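Chains A and B, in that order, give the protein sequences.
Heads up, the first sequence is in the working numbering, so the first residue is 1 and it goes up one at a time.
Heads up, the second sequence is in the working numbering, so the first residue is 1 and it goes up one at a time.
Among the hints, a few may not be true.
[Said to hold, decoys possible] Straight-line Cα separation of at most 30 Å, BS3-like style, residue types lysine-lysine; simulated pairs:
no., chain 1, residue 1, chain 2, residue 2
1, A, LYS180, B, LYS207
2, A, LYS74, B, LYS207
3, A, LYS166, A, LYS128
4, A, LYS118, B, LYS207
5, B, LYS207, A, LYS71
6, B, LYS207, A, LYS69
7, B, LYS207, A, LYS128
8, A, LYS29, A, LYS69
9, B, LYS207, A, LYS164
10, B, LYS207, A, LYS166
11, A, LYS120, B, LYS207
I should point out that these hints are in silico values taken from the structure, not numbers from a laboratory.
Just so it is clear, the structure is predicted and the values come from calculations on it, not from any experiment.
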Amino acid sequence: MEDIIVCEGLNKYYSGVHALKDLSLKIKKDSVVGLIGDNGAGKSTLIKILSGAHQPDSGHIYFEGNKVKFKSTKEAMNLGIETIYQYSALIPEMSIARNIFIGREQTQYNVGNFGLMKTKTMQDDAMKALTDVELHLRSPDTPVNQLSGGERQGVVIARAMYFKSKVLILDEPTNHLSVKETNKVLRFVEGLKSQGVTSIFITHNLSHVYPIADHLCVMARGEKIADLDKKETTIDHLTDLLVNG
Amino acid sequence: MSKNFSLRSLLVRPEVATFLMFLAIMIGFYIANERFLDARNIRIVMGITPEYIIVAIGIAILMISGEFDLSVGSVFALVPMTIVQMVHQGIPPWFAIFLGLMIGIIVGFVNGFITLRFGIPSFIATLGMLYIARSLTTVATAGFPPPFPHILPNELFVYQFELFRASLYWALLVAVVLGVMLHRSNVGNWIYATGGDQNAASSMGIKTGNVKMFCFILCGFLAGFAGMIQTFRLEAPLPSQGYLLELESIAAAVIGGVSLFGGIGTVFGAVIGAILIRFLESGIIMARIDAEWFRAGLGSLIIIAVVFNTYISRRATRIGQNKAKD
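Chain A extracted, bound-state conformation:
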C-alpha cells in the first residue's frame, strides 16, 4: 500500500529545547496509526507540524508523494489534513450546524470572501454528515454545549468527513471520556478506514488505541523509539517500551 504521509528528519526546537529529534515516519493510506508516548514525548510537537500550526526547523514532509510546507493550519486543511485537538475544536455556545461549517460556511450573494450563509443547506448537510458517522442527534440547531463528550468528538469527526479529509489527526480524543463514550469515539475512528480516511490517533492510553490501530509508533524524549505493525507486536511489548523507553 502507498504512503500518504512521509516525514524525513524532522527537527524542532522550542527556545533551546530539542522537542523533536530527527524524526522520520511513514504513514500508509487508509490505516489507523496509533501514536503513543508519555507526556513530553514530542507527540504534540509532531502533530503541530503535521497540521501546519508550527513549522519544523529542518526536515521534509511529503504528502501523497509531493513535498509540502504548511504555513498555516488552513493550508494543511485545504490539502485534506484535519486535526482534532485535545480541547474540542468546537464553540460550545454555537449550534452543531454552525460548528460544522466554521470558517467554511456555505454562502451566497458573495462579495469577496464575505457572503450570507445558506442556513437551510448548512442545516441539512450537517444532519447528513452526522448520520454518515452514525451519530443520530435531534436537531442541527442544538448548541454543542448540550452534547456529551463523545457526541462532541462525533461532531468533529463528522465535520472532517464532510470536508473530505484524507488524513485525520486525533489528539487524545478519548481524554476525559467515560468508558461508554470512549467506545463510541473508537467506533467512529474505526469506521473512517472503510471511507478512505487515514487516521493518526495520539494517546498515552495504549488500551484505547491498540484494538483499532493497524500500526503503532512509540515516542519518547522527542524521538521515535519504535515503529511497528500490530502483527509484529503485542500490548505487553508496547507497554514495556512506553514505561522503560
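Using the hints provided, position chain B relative to the given structure of chain A.
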C-alpha cells in the same frame, strides 16, 4: 412535545427575557402615569434613544467577539467636535463628516492594534483611549465650545417627523444591516466563533485577530457616527458629550443578553437594552420619583438581567443534557 420544547428554547434566549423585562417596565410605568406612553413622551424618548442604540450595537458586536471598548464615550464627543472645527476651518461639510468618521475608525484601529499587538486586555487599552480621546476633544474646543455651523446637513440625520426623528431610521438601518451581518453572514459566524473560543476558532482557520480588529473598528466608527447625530440634534458640540456613555452602552448590551465573556448576544438584544434604559430614565421622571433614582434603577436592572440570564442558561444546558440522555 416538540412544540413544548421550542417554546422552552425560545424562553431561554436571553434577548427574549430582556424583551419581557422591557414589557414589564413599560406596563409598570404606564400604570404609574399613563402619560408615560402618550405620543409626546414617546417622541421625546425616541428622539434621544437612536444615538444610544447605535453605540450599543457596536459595543455588543465587539463584546461578542470577546473584547471591550471603554473609549466609545470619548469618541462620541471627539468625532463631532472635529467635524465642527473642521467646518469652521473652511473644509466642506461632507468632507469634514467623512474625515470625522475616519477619526472614529482610526481610534477603533488603534484600540485594536494596541490590544492585539501587545496582547494586553482591551479593557486597559481602551481605558487609556478613554482619557486620550476625551483630552483631545477638550483641546479641540480650544477652551470654548464652538458654535454649530448651520451649513452642516444635520436635518438629514435628525429631522423631526410626526413621531420619530430621522435618527431612528438611521439606527434601524444600522441594526438591520449589522443584524444581518452578525446573524446571517459568514463574518458573523467568525465573530461568534472568535468570542466563543478563540483557540478553537483559529484552529479552524479563522483569522481571529482580523475578526477582532474589524469589530474594534466597527465599534469606533459607530460611536463616532452616533456622537455626530447627537451634536446634529443638539446643534451644539459639547466637550462633555457622551460622558459615562461607555458604561451605559455596556449596560445596554449586558441587559440585552450579551455575555461579558464573548460568544453570546444579539443585535436585537442590544437595541432593546438601549431602549429599555432610556424608557427607565423617562419612567422614573414621569412617575415623579427623584431622578437620582435612575442610576439605582439601572444598576438593579443590570444585576437582575445578568443573574437571570446566568440562571436560565444553566437551566437550558441542564435540560439539553437530560434530553441527550433520554
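For each hint, the structure was consulted:
1. For the hint pairing A/LYS180 with B/LYS207, the CA-to-CA distance comes to about 36 Å; that exceeds 30 Å, so the pair is violated.
2. The straight-line distance between the Cα atoms of A/LYS74 and B/LYS207 is roughly 10 Å, inside the 30 Å bound, and the hint therefore holds.
3. Restraint check for A/LYS166 and A/LYS128: the C-alpha separation of about 19 Å stays at or below 30 Å, so the hint holds.
4. Annotation: proposed proximity of A/LYS118 to B/LYS207 holds, straight-line Cα distance about 22 Å (limit 30 Å).
5. Pair hint B/LYS207 plus A/LYS71 holds up; C-alpha atoms about 13 Å apart against a cutoff of 30 Å.
6. Proposed proximity of B/LYS207 and A/LYS69 is supported: the alpha carbons are some 20 Å apart, at most 30 Å.
7. A threshold of 30 Å between alpha carbons decides the hint, and for B/LYS207 with A/LYS128 the separation of about 28 Å falls inside it, so the pair holds.
8. Restraint check for A/LYS29 and A/LYS69: satisfied, since their Cα atoms lie roughly 20 Å apart, inside the 30 Å limit.
9. A C-alpha spacing of about 22 Å is found between B/LYS207 and A/LYS164, which places the hinted pair at or below 30 Å, so the restraint holds.
10. Using a Cα cut-off of 30 Å, the hinted pair B/LYS207 and A/LYS166 holds, with the two alpha carbons roughly 24 Å apart.
11. Between the alpha carbons of A/LYS120 and B/LYS207 the distance comes to roughly 25 Å, so the proposed pair stays at or under 30 Å and holds.
Of the hints listed earlier, the one the structure fails to meet is number 1.
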